[in-house]
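> So you can see what is in the structure, the chains are spelled out below.
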Amino acid sequence: MNGAQVAVAALEREGVDFIFGYPGGTIMPLYDALFNHAVRHVLCRHEAAAAFAAGGYARSSGRVGVCCATSGPGATNLVTALLDAYMDSVPVVAVTGQVRTDLMGTDGFQEADVCAITQAITKRNFLVDDPNQIAATLAEAFALARSGRPGPVLVDIPTDVLKAQVTEGAAPAPPPLPAAVPRAPDEAVRAAVAQIRAAQRPVAIVGGGVRAGGVEAFRTFVALLGLPHASTLMALGAADPDDPHALGMLGMHGLKAANKAVQRADLVIALGMRFDDRVTGKPDRFARGAAVIHADIDATEFNKIIPADVILHGDLRDTLEALVAELVRSQVPRFDAWAREAQELGGPLPSDRVAEHVLSATDVLDRFFAAVPPEAIVTVDVGQHQMWAAQRAHPAHPRHFLSSSGLGAMGFGFPAAIGAQFANPGVPVYAVVGDGGFQMCLPELATLRRYGVPAKVLLIDNQNLGMVRQWQELFFSARYSATNLADNPDFAAIARAYGIEAFAVADPRAADATIAAFIAHAGPALLHAACHPTENVWPMIPAGMTVDDLMEARA
Amino acid sequence: MTCDLLLRDARSVARIINLAHRFNCRCTRIDASAVSGATTASFAFDGPAVALTRLRAQIDRILAYEAPAGARLPEGTP
Ligand SMILES: Cc1ncc(C[n+]2csc(CCOP(=O)(O)OP(=O)(O)O)c2C)c(N)n1
Chain W
4 MNGAQVAVAA
14 LEREGVDFIF
24 GYPGGTIMPL
34 YDALFNHAVR
44 HVLCRHEAAA
54 AFAAGGYARS
64 SGRVGVCCAT
74 SGPGATNLVT
84 ALLDAYMDSV
94 PVVAVTGQVR
104 TDLMGTDGFQ
114 EADVCAITQA
124 ITKRNFLVDD
134 PNQIAATLAE
144 AFALARSGRP
154 GPVLVDIPTD
164 VLKAQVTEGA
174 APAPPPLPAA
184 VPRAPDEAVR
194 AAVAQIRAAQ
204 RPVAIVGGGV
214 RAGGVEAFRT
224 FVALLGLPHA
234 STLMALGAAD
244 PDDPHALGML
254 GMHGLKAANK
264 AVQRADLVIA
274 LGMRFDDRVT
284 GKPDRFARGA
294 AVIHADIDAT
304 EFNKIIPADV
314 ILHGDLRDTL
324 EALVAELVRS
334 QVPRFDAWAR
344 EAQELGGPLP
354 SDRVAEHVLS
364 ATDVLDRFFA
374 AVPPEAIVTV
384 DVGQHQMWAA
394 QRAHPAHPRH
404 FLSSSGLGAM
414 GFGFPAAIGA
424 QFANPGVPVY
434 AVVGDGGFQM
444 CLPELATLRR
454 YGVPAKVLLI
464 DNQNLGMVRQ
474 WQELFFSARY
484 SATNLADNPD
494 FAAIARAYGI
504 EAFAVADPRA
514 ADATIAAFIA
524 HAGPALLHAA
534 CHPTENVWPM
544 IPAGMTVDDL
554 MEARA
Chain X
1309 MTCDLLLRDA
1319 RSVARIINLA
1329 HRFNCRCTRI
1339 DASAVSGATT
1349 ASFAFDGPAV
1359 ALTRLRAQID
1369 RILAYEAPAG
1379 ARLPEGTP
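Residue numbers (my numbering), protein chains in the order written: chain W, 4 to 558; chain X, 1309 to 1386.
Be aware that a few hints might be false.
Taking CB as the label site, the calculated pair distances span [stated by the list, open to error]: (1) W:R557 with X:R1364: 43 to 49 Å; (2) W:G526 with X:P1356: 56 to 62 Å; (3) W:G18 with X:A1352: 43 to 49 Å; (4) X:I1325 with W:G526: 51 to 57 Å; (5) X:H1329 with W:A374: 34 to 40 Å.
From the derived model, a few chain W residues whose C-beta atoms are all more than 10 Å from chain X [claimed, not checked]: (6) H49; (7) A123; (8) R127; (9) E171; (10) R186; (11) A201; (12) R332; (13) D369; (14) N427; (15) N539.
Hints in this document: simulated from the structure, not taken from any laboratory. We put the CB at the ideal spot given by N, CA and C, even for glycine.
The shape of chain W in the complex, shown without the other chains (with noise of 0.2 Å):
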């Protein structure tokens, strides 16, 4: 066996079923490697692509995501989506080929130093120089990727290495050792329980650490008291759909109960969450005189950004469980009066919807959550509408609502949905996307129609960069700089050219039949929603700001 074929049979036992990739010089014995192989591989149409299709399936599934691509340019188009992966602790491997072993730093051609460039945004990467180390170095990277806090990993092989006869390690490498988990110490659990007993209005916020297997003991925790609680963008669908102290999303775009109860709050309960800056504000003045409680696998966020009373380093569900085992243990009373209270900070979500004759992008969206079936997956880009979708959807579980949270990466949403769908065969799956991060990724129509995999398109076209545009307006004299996309193309005829279905609506009155037969279509379909070009999101904490400055509409 050569070094590509030992790879290839090492993903086989990871259990890896698709690989996302593109191929070219370097990567070509990986790829002959593939060819006619059990281990499928999906051509997307670009690298960011792949490795954004690798972050969908293993952000929907919990497996961990591969994509591929070839040395130099092709390496370093994965560099967006595996900075994505490392600021939402996404389980990625990427294989990259390097060029021949003698040609390194002769700046050969199509030659990069990938694991130089990578090394701040993987948790690990590795150069392997040794055919015999490719099995036992894939083990280690999927090992690695999986393991606590998950995250990217790159493995760089020379394409000599590639196709270097093995001697030795074709056989599978021993299987990793299961790593270390830490365990929130029972003095720790003990002292948050106390803190739980001794508020008046305490509120959970559940983050993206609840994605690895937290789900269901963060449920009985907030059930168990009563809890009203919040969530980060990246955690929507932790809570129970029929909870009703769920105050939804909290932040920029937050919903106003959660923010407010936040802010009102004398105990905060932080679970897998890291206080980003688009969810605090100013921290300074973030649930100013509430005492924290910080849950966490990684060590690194606490005491980052917001100081905690009592720090449970450990895995999510084992620290919920235990803190579930001592609540009942000591009685802790529930808190459902307080819980009311905070959902009745909130209100109706403000909007400024325009003319009955114009077609609103909240509107359409408020349509399309009312008749998307509970069990699908919604992906969305970045930008107004994915803010606009986070304050609507009603997922059964976070790894039904896929954004790129923390990196903010236009021409996340769609790929994401076809990597989401490629692991979910057979259930429902939608990318609602902006005019703008949509044009970033447009030839991914092609992949959908090469391997008809079904998902859909939810085109949100105001015409802009909608976000930056709101912001323009907002903090920077309405002086609208490159923020207009009025000549955009007709995305239907872009569609049907790659033969993939197009509905359009521009008439409010049609909305809920167009949407309806769009869901209804049986393959991959694209509906192009023609919306009004300034509707804003509210409400809206103006960045470095509080909930005392929200915004709800404008002034």
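For this one, chain W is given, so just place chain X with the ligand on it according to the hints.
Only chain X with the ligand this time, still in chain W's reference frame:
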């Protein structure tokens, strides 16, 4: 702050220096040498106390990621 580390991957020295820079800390001493396949590295850093604490936490994370499940430092390393 000083740290004496045993690294499995010599390139982590570069990562640690870059991190210190990013956290607004200054690297005032670096001594590194290779010992039978591993690297011993000794650093001294200056900077705001909060940044140094964060840097130390990140260094610990690098060490943890270097020695994931099943990984071992080469035979004979101290
Ligand atoms: C790759 C990338 N480039 C630039 C940005 C900055 N940015 C954030 S939102 C946005 C506008 C997005 O426009 P569109 O896709 O049309 O969505 P809308 O906001 O109109 O819903 C831009 C340019 C980004 N997040 N990602």
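> Determine for every hint whether it applies to the structure shown.
Hint check:
At about 47 Å, the beta-carbon gap between W:R557 and X:R1364 stays in the expected band of 43 to 49 Å. For W:G526 and X:P1356, the hinted distance range of 56 to 62 Å is satisfied, since their beta carbons lie about 57 Å from each other. At roughly 45 Å, the beta-carbon separation of W:G18 and X:A1352 lies within the given 43 to 49 Å, and the hint holds. For X:I1325 paired with W:G526, a C-beta distance near 53 Å keeps the hint of 51 to 57 Å intact.
For the pair X:H1329 and W:A374, the supplied restraint of 34 to 40 Å is violated, since their beta-carbon distance comes to about 51 Å. Separation of W:H49 from chain X is adequate, the least Cβ-Cβ distance of about 28 Å exceeding the 10 Å criterion. Non-interface status of W:A123 relative to chain X is broken: a Cβ of that chain comes within 10 Å, the nearest being about 7 Å off. Against chain X, the non-interface label of W:R127 is violated: not every CB pair exceeds 10 Å, the least being about 5 Å.
Non-interface status of W:E171 relative to chain X is upheld: no Cβ of that chain comes within 10 Å, the nearest being about 17 Å off. With a closest Cβ-Cβ approach of about 15 Å to chain X, W:R186 is found to remain outside the 10 Å limit, as its non-interface label requires. Under the 10 Å C-beta cut-off, the non-interface status given to W:A201 relative to chain X holds; the minimum distance is some 28 Å. With 10 Å as the threshold on Cβ separation, the claim that W:R332 sits away from chain X holds: the shortest Cβ distance comes to roughly 32 Å.
With a cut of 10 Å on Cβ distances, W:D369 stays outside the contact zone with chain X, its closest approach being about 42 Å. Every C-beta of chain X lies more than 10 Å from that of W:N427, the closest at about 27 Å, which supports listing it as non-interface. W:N539, annotated as away from the interface, keeps every beta carbon of chain X farther than 10 Å; the closest lies near 34 Å.
Violated hints, listed in ascending order, are 5, 7, 8; each of the other numbered hints is respected by the structure.
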